[in-house]
Amino acid sequence: MNGPAYASTLELMSGVILVCAAVTLWRRSLPAVVKALAIQGFALGAVALILGIRQHDAVLIVVACLVMASKGVVIPTLLGRVVASDPPSREATPIVNVPASLVGAAALTFLAYGATQPVVALIPTTAGRLVPLGFATLLIGFFSMVVRRKAISQIVGLLLVDNGIALVAFLATAGVPLLVELGASLDVLLAVVVLRVLAAQMWSKFGVLDLDQLRELRD
Amino acid sequence: MTGFQNVVAAGLVAGAQIVTVSVGGLLLVGVMRKVRSHLEGRVGPPIHQPLLDVRKLFTKQRMHPEQASWVFGAGPVVLVATAVVVAAISPLATTRPPLGRSADFFAIVFVLLLGSVSLALGALDTGTPFGGMGSSRAMTIGALAEPALLVAILAMSIPAHTSNLPVLVRMGLAHPEMIASPARILALGSFVVIILAESGRLPIDNPSTHLELTMIHEAMVLEYAGPDLGLVTLGESMRLTLLLGLLVNLLVPWGVADRPGAVSIVIGLGALAGKVALAGIAIATFEVFTAKLRLFRVPELLAGGFVLAVLGAVTALVVR
Amino acid sequence: MLALVVLAVPFGAGVASAVAPWRRWVGWLCTASIGAVLVCGVGLAVRVVHGPPVTAFGGVLRVDALSAFMVIVIGAIGVLATWQSVRYLDAELAAGRCSQRHATLYSVLVQGFVTAMLLAVVAGNVGVMWVAVEATTIITTFLVGHRRTRGSLEASWKYIAICSVGIAMAFLGTVLVYLAALHVGHHEHANLDWTSLMAVSHHLDPGVMRLAIALLVLGYGTKVGLAPMHSWLPDAHSQAPAPISALMSGVLLTVAFYALLRFKAIADGALGVALPRALLVAVGLLSLVVAASLLLSQRDYKRMLAYHSVEHMGLIALGAAAGTRLAIAAVLLHILGHGLAKGVLFLTSGEILLAEGTTEIAQVKALLARRPALGGVFAFGLVALLGLPPFSLFVSELNMVRAETQVGLGWAAAISLVCMAVIFGAVMSHGRHMLFGAGPDGEQVHKTPAIVTAPLIGALIGCAILGVLAWPLAGLLRAAAQVVAT
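Residue numbers (our numbering), protein chains in the order written: chain A, 1062 to 1280; chain B, 131 to 450; chain C, 84 to 569.
Among these hints, one or two may not hold up.
Claimed, not checked - Only part of the chain A face toward chain B is listed, based on derived beta-carbon distances under 8 Å:
{"hint": "1", "residue": "1069"}
{"hint": "2", "residue": "1073"}
{"hint": "3", "residue": "1080"}
{"hint": "4", "residue": "1155"}
{"hint": "5", "residue": "1156"}
{"hint": "6", "residue": "1164"}
{"hint": "7", "residue": "1167"}
{"hint": "8", "residue": "1171"}
{"hint": "9", "residue": "1172"}
{"hint": "10", "residue": "1190"}
Hints are computed from structural coordinates only; laboratory data are not their basis. Built from N, CA and C at the ideal position, the CB exists for glycine as well.
Take these sequences, add in the hints, and give me the full structure.
Structure (structure tokens):
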């Protein structure tokens, strides 16, 4: 892949990942949020694919396909089923309102840019310059977990954190050793499965997916 | 070419752009109404209806409310004047418009928005409750949209190291891959949201509503009649055309005349008309399928536009 | 070979309990498997104290003195917990609160849990260690929610949500360490083996390592239960069944801390002691203060024990911050002592819950009078946990304070002593309420079967012996401390 095309496609895909993260804070409708997550998963796989093609690394290409399958298809489908089973599929008023949380996301992006200066300094390539975008996605996911009340939104935040870390891993190190990557992907999948099972249990037992209503355990 | 010939040529180009924007703007509004009507299953008014309306309005008697001052009359005039100035110096048909070195992106957009401020002041001047309501709503939306606009322009200017609009268009023509950069795409996405907000289209404002309490922009012009209303209609359509024209020239700059010459300028005008018409049709189609947002949800949409712009600026800073 | 056996035995028992429907003998089989793990751990310890570390699978598994010590810890408390699990599952089945299928699931998950923890401590590759710790999070979520009440579902949700974020941050820290290692110069040889990372630790980029160690402390610290990431701990440990609480509180927290110790050693090489020490002191002191302030107002004795775990994790964080050989040896001894005492206390509280039917302190009175065996064990357990002689926690806390003063952390030691005094008072007052007083007239004195109390008393005696004589473990502690001390 020649230079400018590689650079601009990589930048575009990383930009899409960050924009999808912002969209999950912006939209209130949960199906739309799940769709954004699916797009993000595909973009993440595309980043790995581009890096793999550039470095002629077959293992990385296999990992890319795995990521696209699990994060672009499987996990959003699992989430979509939970959302479909819960009729009020709109996030109730979040703890921080939408414009303020979007401004917070912008501030977090700047914070990520500042905090990852040493990493960017260490890797002067095109891929290295995009590492702050992964960090920003991570921070936005973290923020989203804190300010959202619905159980599904917390899962979405967790997935954003994982996607951000995966992006940083791909860009910075061209993927960690295969064993660890497999373990990490499997763990994310399992974690989502567990959360889905718990959500289903909560829904079937107590008819509620609003974490605000689970406040029995307190000091 | 001698200095005098340069001035004449520049004047001709400016005149051509101004005429295209004013007439074409009204035609654009007609086209958008026609598209909406067809999609809604009606025949709709003919495309040149807005032209006929404006001509009719100019023949009518001028009427001002008794308690209004000169500000009321000045509002539409300032609106049209700013639109004319911007139409003259923007790189719409050519990448070398007259007074091109003054055509700074920040300056152009804020001169355009000066028009909406003047209209708001005129509406306040009438002293009616609907005028005040429309002005306050319009200014709130403006206050939310303008920071986004600032940051979006910044995001587009950073990679090019300049905010001069003709230079930006020229660079887009010369280096097409700059257009696909995430910074520019994010910034243009934000720009689209802002255009919808500033020109009062759905989902922010319904231009064809007749219910006063749902009006934002229409409420400001309730008291205008006759030639003033004609000027307002003309000015609004010119503003929409100019904003769309800037958007399409930054996104898809092909067709814009790069070399001097009457033929290439005519081609440029034609390309501009075609691209803006397509953009207008896209907006009209989008409007058919969208519902108007409740007023307190509008800040959410604009905040989203702001964040898109900020992300674009950060990406532009990071990826150099 | 021995390392493989350590993993294979509990895994095999897990498979067996998956296949057979749950009966008493399945439970005893699981206990026996963990007992075998303990024996193997002792065997490994004997080998690595005077010899080189044991490796298997080409370095993926590597047992040095520190790992062997952790295997012993896991084995000891695992035996206690699985012993009590038999009785717990019996009682649940008899009361109809749990079906045969759930019991089988429980047994399988506990075996999986222990296997994953063992994998985490014998892994030579920090990536595999991370995968194992994540696996424990997923498995324990189901175990915490085993009782399927509203409270336990809420607790398990909170647990997995917070710990997943923590684990993700730890993963990012691991990735950053790998990145720093890649850029040391020999790109082809960079991998995630702990030994090779230690070898190049002095050449790792300091900027990246600073970010990495902060993420690792926050990430693994979430699983350790250090403040401010501790909010899952009281809920999860109080809602889980008693044997699971014992395993989680006694062992899982310290397995996560073991991971942190490994990374601290790398960071010390790359950054010097200053930053890792500062980070650990900060979270340690915060944990102590949070635990001290919240223990006074506890109304539930299982939550009280959980907050007490937060305090002890804060203490060992402070000890690890000191970082000298003495400090690390004291920390390891504390890990073992705390594990035993906390395990005993949680298991006893499980018995009390079974007997009294409530976890509120106000509702449980005069245990010593009404159930002397149980009350006695609980009392001695509290004494052990509060760091009174002759139990080993006294010795380890004393040595940690000594080591902290030696490196200039005397002020931190002083604050920790104040917090410990406050906690002492709080726990004593809660314990006094539960234990003392006269029973209602006419109620007979209940006898708790010996099979229940025997292992608990045995554990407490072991704890006391360790406090008085360190001879069985002195060599191992010295060798283990040598591995990660500065």
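Check each numbered hint from earlier against the structure, then list the numbers of those it violates in ascending order.
Violated: hints 4, 5, 9.
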